[in-house]
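There are 2 protein chains.
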Amino acid sequence: MRKQPQSDADMQKLADLIDEVGIAMLTTEEPDGSLRSRPLATLEMDAEGKLWFFTAMSSGKVGEIDRHRKVNLSYAHVDEQNYVSISGHARLFRDQEKMNALWTPWIEPWFPNGANDPDLGLLEVTVEQAEYWDAPASRMQRLFGLAKALSTGQTDRLGEHGTVDRRQ
Amino acid sequence: MRKQPQSDADMQKLADLIDEVGIAMLTTEEPDGSLRSRPLATLEMDAEGKLWFFTAMSSGKVGEIDRHRKVNLSYAHVDEQNYVSISGHARLFRDQEKMNALWTPWIEPWFPNGANDPDLGLLEVTVEQAEYWDAPASRMQRLFGLAKALSTGQTDRLGEHGTVDRRQ
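Listed in order, the protein sequences are those of chains E and A. When the count follows my numbering, it moves up by one through the first sequence with no breaks and lands on 168 for the last residue. When the count follows my numbering, it moves up by one through the second sequence with no breaks and lands on 168 for the last residue.
So here's chain E without its partners, still in its complex pose (with noise of 0.2 Å):
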């Protein structure tokens, strides 16, 4: 993942946090209201601290995003106990000097035909708020730190649980 130098400190450390996993579960609304999620590989953080993916215009997930533009990011690494959130809003579009711009060699065997693939697509997630729950080194802690977000969603002495509001 690329990631472009954010303008303040939090916004910095959700980059560090999400390039640490790499792979978004993103959910989003069926129109019958039920929420439904698939894992997405993170291009970019740019300097506006937008995230970029790649994205087939053919594949089921483009309908749900025109119809209801909230989404959620989720970054999971159970093995770290690395926990983030990220609540925002979707655009698919396609733009091809973006799209020559973000693509990396290794993103080929997902995206065989290249950057020139009239079903390639961009999705660009606007980041509204974001939480995480982090924890330090040792594996109590962890538990512990990860305990008490689960069970009040609060900073706890031990883990670390932080949110980044970015809505006006």
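In case anyone wonders, no lab produced these hints; they're calculated from the structure. Note that the structure is a prediction, hence the values are computed from the model and not measured. There may be inaccurate statements among the hints.
A pair holds if it fits inside one copy or across any two, identical chains being indistinguishable in the list.
Unchecked claim - Here are the simulated DMTMM-like pairs of lysine to aspartate or glutamate, each with C-alpha atoms no more than 25 Å apart in a straight line:
| id | residue 1 | residue 2 |
| --- | --- | --- |
| 1 | Lys13 | Glu108 |
| 2 | Lys3 | Asp32 |
| 3 | Lys98 | Asp32 |
| 4 | Lys98 | Glu30 |
| 5 | Lys50 | Asp32 |
| 6 | Lys70 | Glu108 |
| 7 | Lys13 | Asp95 |
| 8 | Lys70 | Glu128 |
| 9 | Lys50 | Glu30 |
Fit chain A to the supplied structure of chain E, relying on the hints for placement.
Okay, now just chain A, sitting in the frame of chain E:
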């Protein structure tokens, strides 16, 4: 996590997949329409395929679920490249007998006041639809398996993407 025997092979597969991860990211819709997720330890998949969690009745997610009972549970293990999405509906309630039955010593760090804590509650999720992105053992096959699921949402030759639909 406790796994009760499941009614069919698909649900058994689902039980095995989520047992490998253990911690779910539970996504709910907030009153303003935004989607929010947080980590939760999975306690049991019962014989009817329902998933059970403890929660603090005073936590923020209680209000969110009261308003919008549709939820998503995602289970992600990035190192193993296993990803599960469960669409379902949630119910929050107190039942002392069930809480006693679910209580295990390993959950105590999360809920230090024990099974009789008046703030302890149950979160029950009924599975309506489940999808998984699973992949065989070797590194490149996993990458490619994940790749195809990411770009097309379809089954591919090397990985495996399956759906369990429990809606009537």
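Evaluated hints:
no.: 1; hint: Lys13 x Glu108; in the structure: neither (29 Å within a copy, 30 Å between copies)
no.: 2; hint: Lys3 x Asp32; in the structure: neither (36 Å within a copy, 30 Å between copies)
no.: 3; hint: Lys98 x Asp32; in the structure: neither (33 Å within a copy, 31 Å between copies)
no.: 4; hint: Lys98 x Glu30; in the structure: neither (28 Å within a copy, 32 Å between copies)
no.: 5; hint: Lys50 x Asp32; in the structure: between (28 Å within a copy, 21 Å between copies)
no.: 6; hint: Lys70 x Glu108; in the structure: neither (28 Å within a copy, 36 Å between copies)
no.: 7; hint: Lys13 x Asp95; in the structure: neither (29 Å within a copy, 40 Å between copies)
no.: 8; hint: Lys70 x Glu128; in the structure: both (10 Å within a copy, 22 Å between copies)
no.: 9; hint: Lys50 x Glu30; in the structure: both (23 Å within a copy, 22 Å between copies)
Against the hints set out earlier in the document, violations occur for numbers 1, 2, 3, 4, 6 and 7.
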